[in-house]
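Number of protein chains: 2
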Amino acid sequence: MKLYTAPRAPNPRRVAMFMAEKGIALPLQNVDLGAGEHRSESYLALNPFGRLPALELDDGRVLCETRAICTYLEGLHPSPNLMGESAEERAFIEMADRRIELHLFAIAANAIRHCHPGFAPLENPQFPDFGTSQGEKFRENARWLDGVLAAQPYVAGQRFTIADITAFCAFDFARGLMKFRPAEQGLMHLQAWRDRIAERPSASAGT
Amino acid sequence: MKLYTAPRAPNPRRVAMFMAEKGIALPLQNVDLGAGEHRSESYLALNPFGRLPALELDDGRVLCETRAICTYLEGLHPSPNLMGESAEERAFIEMADRRIELHLFAIAANAIRHCHPGFAPLENPQFPDFGTSQGEKFRENARWLDGVLAAQPYVAGQRFTIADITAFCAFDFARGLMKFRPAEQGLMHLQAWRDRIAERPSASAGT
Numbered sequence: 001m002k003l004y005t006a007p008r009a010p011n012p013r014r015v016a017m018f019m020a021e022k023g024i025a026l027p028l029q030n031v032d033l034g035a036g037e038h039r040s041e042s043y044l045a046l047n048p049f050g051r052l053p054a055l056e057l058d059d060g061r062v063l064c065e066t067r068a069i070c071t072y073l074e075g076l077h078p079s080p081n082l083m084g085e086s087a088e089e090r091a092f093i094e095m096a097d098r099r100i101e102l103h104l105f106a107i108a109a110n111a112i113r114h115c116h117p118g119f120a121p122l123e124n125p126q127f128p129d130f131g132t133s134q135g136e137k138f139r140e141n142a143r144w145l146d147g148v149l150a151a152q153p154y155v156a157g158q159r160f161t162i163a164d165i166t167a168f169c170a171f172d173f174a175r176g177l178m179k180f181r182p183a184e185q186g187l188m189h190l191q192a193w194r195d196r197i198a199e200r201p202s203a204s205a206g207t
Numbered sequence: 001m002k003l004y005t006a007p008r009a010p011n012p013r014r015v016a017m018f019m020a021e022k023g024i025a026l027p028l029q030n031v032d033l034g035a036g037e038h039r040s041e042s043y044l045a046l047n048p049f050g051r052l053p054a055l056e057l058d059d060g061r062v063l064c065e066t067r068a069i070c071t072y073l074e075g076l077h078p079s080p081n082l083m084g085e086s087a088e089e090r091a092f093i094e095m096a097d098r099r100i101e102l103h104l105f106a107i108a109a110n111a112i113r114h115c116h117p118g119f120a121p122l123e124n125p126q127f128p129d130f131g132t133s134q135g136e137k138f139r140e141n142a143r144w145l146d147g148v149l150a151a152q153p154y155v156a157g158q159r160f161t162i163a164d165i166t167a168f169c170a171f172d173f174a175r176g177l178m179k180f181r182p183a184e185q186g187l188m189h190l191q192a193w194r195d196r197i198a199e200r201p202s203a204s205a206g207t
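Going down the list, the sequences are from chains A and B. For the first sequence, the positions run 1 to 207 when my numbering is used. For the second sequence, the positions run 1 to 207 when my numbering is used.
The set of hints was computed from the structure by calculation and includes no laboratory data. Among the clues, some could well be false.
To be verified - Okay, derived cross-link-like pairs now, EDC-like style, lysine to aspartate or glutamate, Cα gap no bigger than 20 Å in a straight line:
id: 1; chain 1: A; residue 1: K2; chain 2: B; residue 2: E88
id: 2; chain 1: A; residue 1: K2; chain 2: B; residue 2: E89
id: 3; chain 1: A; residue 1: K179; chain 2: A; residue 2: D129
Could you build all of it, start to finish, from the sequences and the hints given here?
Structure, rendered in structure tokens:
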């Protein structure tokens, strides 16, 4: 197997952190986003959408999409469990993960890709007014998550799961490119959770 | 259990079609989107994001997010399998489903919500230029799916899965509100697949 990845990019980082939690090591191939290597003919043959990460299996098939790669790795390395043991637990963790993806991760990505001049080549055309509006939604949804974390220690409930990884990578992306700090918005539960996750050895994976 | 749903809305329709394929019947409660019932205090207590569908379990917990609800129902009613038997198959079906969600379903939703005057109360503010650009991306991504369906009979491969449901509901949403017809764009494999899925008894569920 070989994992196509890109240091610091938020989706590759989710998979790197997931692997670090499970102690999985894989051969890595870095794809240079700055040089547009993800748009090269050879990479588009692996993933027609030019997105990262992508996992090339030994039989030549290519598995794309962050969460699908995690599902596959969870099957190969079940412990520690990060996506749920039973179908019921899997469903509730998927709900939490999905809410983070839709209401925080994707919204931060929209805000950054449509507003940040460095993303003009990736998001063409940019719609800055849309991006600004998404930035406001991000702050509003961060407030929702602060309320969730007032009542439970982790994003999906009582234990660390993939939903914490997704959320941590979303907030670190927003921290770097939107200068977003939960404590500065009065979101103290979110800040405390963020600082707790940042202490895990996996937090530096993929950076 | 009770399923909160809304006739004709695309996400509730995905769950309705999934249930019809499995022969699952549940008590339903319709939420009147036109009357803003999804924004009522009582519904927001069930789902703070005001989205549909939502599944209320007998123990009072509420499971939201379309795909998470399907994961739960697949656990209760494993046959016919729609989301994969092994972790490996689950991962490849999740990849296909995710690509449809990100590159077609969400893009169509953006195009419609930001351009259609009927969605002004739901998407406030609307960004029509962004919506128009998303409509172009939708057409481009439909061409990608046409290529996929030239090589295999179903969205995720050789058999009908949840990814076909997601894609069918995305194209029916686009058919109604973007007047999109694959054949008119020269996408004959996509049109043939669409017409084949439309013949399944489940295709009218949730409409």
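Against the structure, the hints:
1. K2(A) with E88(B): Distance ~16 Å between K2(A) and E88(B) Cα, so the pair holds.
2. K2(A) with E89(B): Holds - the C-alpha atoms of E89(B) and K2(A) are around 19 Å apart, at most 20 Å.
3. K179(A) with D129(A): holds (18 Å)
Checked against the numbered hints above, the structure breaks none of them.
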